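Start from chain E and add chains R, B and U according to the hints.
Number of protein chains: 4
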Amino acid sequence: MQRVKTAIVGASGYTGQELLRNLLVHPHVELVAATSRQEAGKPLSSVFPRFRGLPGSELAFIEPDADAIAATGAKVAFLALPHGVAADIATALLAKGLKVIDLSADFRLNDAAVYEEFYGHVHPVPALLDEAVYGLPEVRPDAIRAARLVASPGCYPTSILLPLIPILQAGLIEEVTIVANSLSGVSGAGKKADTTLLYVECNESVRAYGLPKHRHLSEIEQELSLAAGVPVVITFIPHLIPVTSGILTTTTALLKSGIDPDEIGEALQGAYADSPFVRLLGKGGCPDTKHVTRTNFIDIGWNYDPRTGRVLLLSAEDNLGKGAGSQAVQSFNLMFGLPETAGLLFV
Amino acid sequence: MQRVKTAIVGASGYTGQELLRNLLVHPHVELVAATSRQEAGKPLSSVFPRFRGLPGSELAFIEPDADAIAATGAKVAFLALPHGVAADIATALLAKGLKVIDLSADFRLNDAAVYEEFYGHVHPVPALLDEAVYGLPEVRPDAIRAARLVASPGCYPTSILLPLIPILQAGLIEEVTIVANSLSGVSGAGKKADTTLLYVECNESVRAYGLPKHRHLSEIEQELSLAAGVPVVITFIPHLIPVTSGILTTTTALLKSGIDPDEIGEALQGAYADSPFVRLLGKGGCPDTKHVTRTNFIDIGWNYDPRTGRVLLLSAEDNLGKGAGSQAVQSFNLMFGLPETAGLLFV
Amino acid sequence: MQRVKTAIVGASGYTGQELLRNLLVHPHVELVAATSRQEAGKPLSSVFPRFRGLPGSELAFIEPDADAIAATGAKVAFLALPHGVAADIATALLAKGLKVIDLSADFRLNDAAVYEEFYGHVHPVPALLDEAVYGLPEVRPDAIRAARLVASPGCYPTSILLPLIPILQAGLIEEVTIVANSLSGVSGAGKKADTTLLYVECNESVRAYGLPKHRHLSEIEQELSLAAGVPVVITFIPHLIPVTSGILTTTTALLKSGIDPDEIGEALQGAYADSPFVRLLGKGGCPDTKHVTRTNFIDIGWNYDPRTGRVLLLSAEDNLGKGAGSQAVQSFNLMFGLPETAGLLFV
Amino acid sequence: MQRVKTAIVGASGYTGQELLRNLLVHPHVELVAATSRQEAGKPLSSVFPRFRGLPGSELAFIEPDADAIAATGAKVAFLALPHGVAADIATALLAKGLKVIDLSADFRLNDAAVYEEFYGHVHPVPALLDEAVYGLPEVRPDAIRAARLVASPGCYPTSILLPLIPILQAGLIEEVTIVANSLSGVSGAGKKADTTLLYVECNESVRAYGLPKHRHLSEIEQELSLAAGVPVVITFIPHLIPVTSGILTTTTALLKSGIDPDEIGEALQGAYADSPFVRLLGKGGCPDTKHVTRTNFIDIGWNYDPRTGRVLLLSAEDNLGKGAGSQAVQSFNLMFGLPETAGLLFV
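Residue numbers (the working numbering), protein chains in the order written: chain E, 22 to 368; chain R, 22 to 368; chain B, 22 to 368; chain U, 22 to 368.
Be aware that one or more of the hints could be misleading.
A pair holds if it fits inside one copy or across any two, identical chains being indistinguishable in the list.
Cut-off 30 Å, straight-line C-alpha distance, at most; resulting in silico cross-link-like pairs (BS3-like, lysine-lysine) [said to hold, decoys possible]:
#1 Lys-234 x Lys-277
#2 Lys-96 x Lys-117
#3 Lys-212 x Lys-304
#4 Lys-63 x Lys-96
#5 Lys-277 x Lys-304
#6 Lys-96 x Lys-212
#7 Lys-63 x Lys-212
#8 Lys-63 x Lys-304
#9 Lys-117 x Lys-26
#10 Lys-213 x Lys-63
To be clear, the hints were calculated from the coordinates, so they are not data collected in a lab. Being a predicted model, the structure only gives us computed values, none of them experimental.
Next up, chain E with everything else stripped away, as it sits in the complex (with noise of 0.2 Å):
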């Protein structure tokens, strides 16, 4: 089978890396360019080190140039980019013929308001808002498929989204008592000379922060609200926490009135016995990060406690995996025709 000629654009964050780390031994990629404005003319292997040995590691960092992008024959470009600097670059892809899978904020609002409410700025290109796909494989692999523009989601959203929404779709628990705890490690904030970040400031260290707001409730209320057919509000709050990745998410809420609790297992079973990354714990089980960090899976396990009526879901995934990276090259894998699983199962 023919290799897809393939772009990464901002690939030099974690974010990147981890795109980079999936794609150098995907065996349907070629990967053609990778930009970075402050690595350009620098090989992949002398940025990062770890790649050193790999065939393709020697491919040097180019400058974020849609016509030098387009020049190398890429059919697709992942990109890894601030929301703001996405959308124009996206653009320009699209308009040279390649597919985007955009890994920013960009493109994941329905709505151009929100955005602007959220990310305090005007969109760029809002035409391109109907057009983009919200990228979550489980739950829209059709219209993934079809894409031409796929908005990767964020770290916090997958792993609240994907136990949420079958829970939702079958109408089981009161949407207003939506309550979503996140853990998340550092290397979710990214990779800034920001003194609160260093190691020291981390280290022993457990924080909540962005709260009430935090930005990723714009995509999280979105795809509950289409989900349970009405608008949803929720609570979250996240926490930064002392490990490298993963995110823990525990997401509490009062069942419906007359609802059996094991329906809860039974539409998480509908709707992922098939899936092949995300991996059910059942009742009374505990996801752990330890188990899912540098791979796609994501791990849930739930629990009814009838002194309170309130269910509990609970998630783990790789912030940088499941939770970015390999989770684009899932919808990559969609949208060229691949095995869904093609590239993405090793631990």
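Positioned in the frame of chain E, the structure of chains R, B and U alone reads:
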């Protein structure tokens, strides 16, 4: 001022170590006995090399025998023993005229039936439950001052109760909506030869556990109900995170209809403005465990989300400090007429 | 290409887990048996939740019985057993026509007397010591290709031997001045219910141990002596540091009089320019374990201090990877005529 | 006893924080000034939330101006400034009659030429080098007692010098064979917005750096030469390991011909039997940084390998404590006629 002759019973675990850490340098304490079945005969300094060179660290561990402890002239004993074991020696020591500060769960519950429900065995000495004082120094200092037997609270309960009690006393939130998420360091699980607590199993790992009915719910709900004046049942989700010590708790609940959110801050201020160990960070304050580890401080912040109507309470403490050992010393200070902060103001 | 039917004996520890991690996804392997006395009957995926969802992970552990293993049709067995235990089952499996790759110390030493000196008991099958090949694939690939029994090296030895062997072969340093300092992750101590390996005891801790005569010195000095052509005795100082995996070794020795320091780099280059898993960082290169963990790479840098006349050799590897499991797979590739890198080029 | 009015110049970094941690609770200190260009105007408690609630923590940072400092009545100033910057303000403060304890490298070397060689610029005030006392309290207590200007040692030097000095004074080892390996926590690199110090870059990572001529060699070799009575040049290999603080050093050297190895232990005992902060673990003792972090203790063990004739010296200290801040306080105690342990005996 004369030093109080003091014993620690069960001093070879992590809580015992924290008690030793505080009491060896306490200006009003003379440590006359430390017991440990398995370390009997060895000096403190050989079991805890960290203490070498401190005055008093050459004291040798003895067997946990009430007569032997009383013979040292001890006026007070701290018990850092498993539940079920503490009750018997407490009874014996009280009979010999010592005061007792028990850090186990044995005397925390007012109701022997609740004890049996949560701890799985009949309470050994239910007659003492009435007398025992649940030892939150900020909540009932006078009862502690007068007490012969103090039941020092657990680590999770302290982190949940101190923020919530004033809010419930003021009637500001819907009790039935309370959800508490706690993240605890690994020392909270004790010093046990258990493979699930190995470095390799806990590092780069986050997991919830003990769902949905953790034992600490018994004392948490007892004290919340007392504060609210009505029975309170909550959802409590404990997690294990890779830090040595520290607990971060985030609690959410619906603000009652018609209440001004600023009353949350006022209630906390009213309760704790003069408490030397409660540090109020105000609205928007996000406590961080790294600022409280190895101290007796608890940091409390709060927030309000107008989108959902929910209050957020955040607290950080050291599970071995304010959540166990140093809080017990704070009660000791009250019981012996010492300044509340004696021996506890270092960081 | 047909897959090689493969067994892992003693697969429930950390080395066994690493072997499984590599072999479950190896393109030329069919895992037909995995043994564990304590986990017999359970599927791999329940003992190692990380493997759930991988093809082959539903295989159930069996008892470590040579007949049962042979009955699966296995052509080769990896042994991840304690020393003393491995020798017997190796003998039985060889007798049944399997090839054996033993990751214990049982066949690493040429001399049964040295084995007895360092391991404290008589060697169980000294007759096999002559046949066994000490399995450093970069040092004796042809012997490994032809071997029926490979003794795969220990983690510390690999990190010390690969940098030193070419230097000693070239006669560049004073053998008597060699001092090797190694820093190892905690997984190197194995998965044992031992309080000294608890998270709380290892986190925020660094300590040397096993001084002055660590067991691994026996194989280290055997191989160094072979390389130098004279008996070599070294100082070796192992340390435990708070990382899950990874070994960093820094070795110093006096440059021989009259030698140009650049010959160090040339010797390394001459030995490893074509080795796919040895990455030479050159003069001044400082390897970092984070670039090699979970891979089969070893990174080697070197330096020279004209002030003291000493050469510095620095190496980084994963103690479970190149120091144990993946290095054994590299030998397997050679033994079965596969590309040396088969199944090992991912990061 | 009257408290000594004390200033800290450059108090916003990790060393400054450690000085504050010690001096805020020191029974004989009144902290009258703390300077920080970037934090001027803010109270200590807002820059260091850990200190909230401690008496004195509401003091506001001021600009680092000698006149302003003198105007507070300070009798002594601790300087925690970069090298090159400390010298000027030290000169100004001395001129105003203050004693100065400088924690930078500016006054540690006796020879301005060596300073220029290692620090890359001309020494600002060479005239003061003669007067400055290299402040190892265990080595020259009387000179410190009499000093106006103490140059408090660096973290690596303290960990290397204290074990070696008595051994060299007794003439027990071959000076030319000394190799010192040190493993340091990340706080030793300071609080800098530098991506190489990010949590994600340091966690699960170990690396050597600064080879082969780290700046600290200048003061190490100066002091070793003084002890040996001959010029001593050593190999020193510093490493960065993922702990917040702590340094473990292992030093090897050949025992001189004809010397009984037990003389090593006797020399250490002779030098430090009465030193309150040096804890001798004896032959076979393996210090662990977790027993000394956040204290002024240094633990020292030793060993001898008859196979190689080498002595092993092992030491553990806190790089911010005995390696910086608390050691400076120990010198302060001597300079002001206080008990050497005043304010330093807590763990």
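Hint by hint, which ones does the structure fall short of? When the structure is compared with the hints, none of them turns out to be violated.
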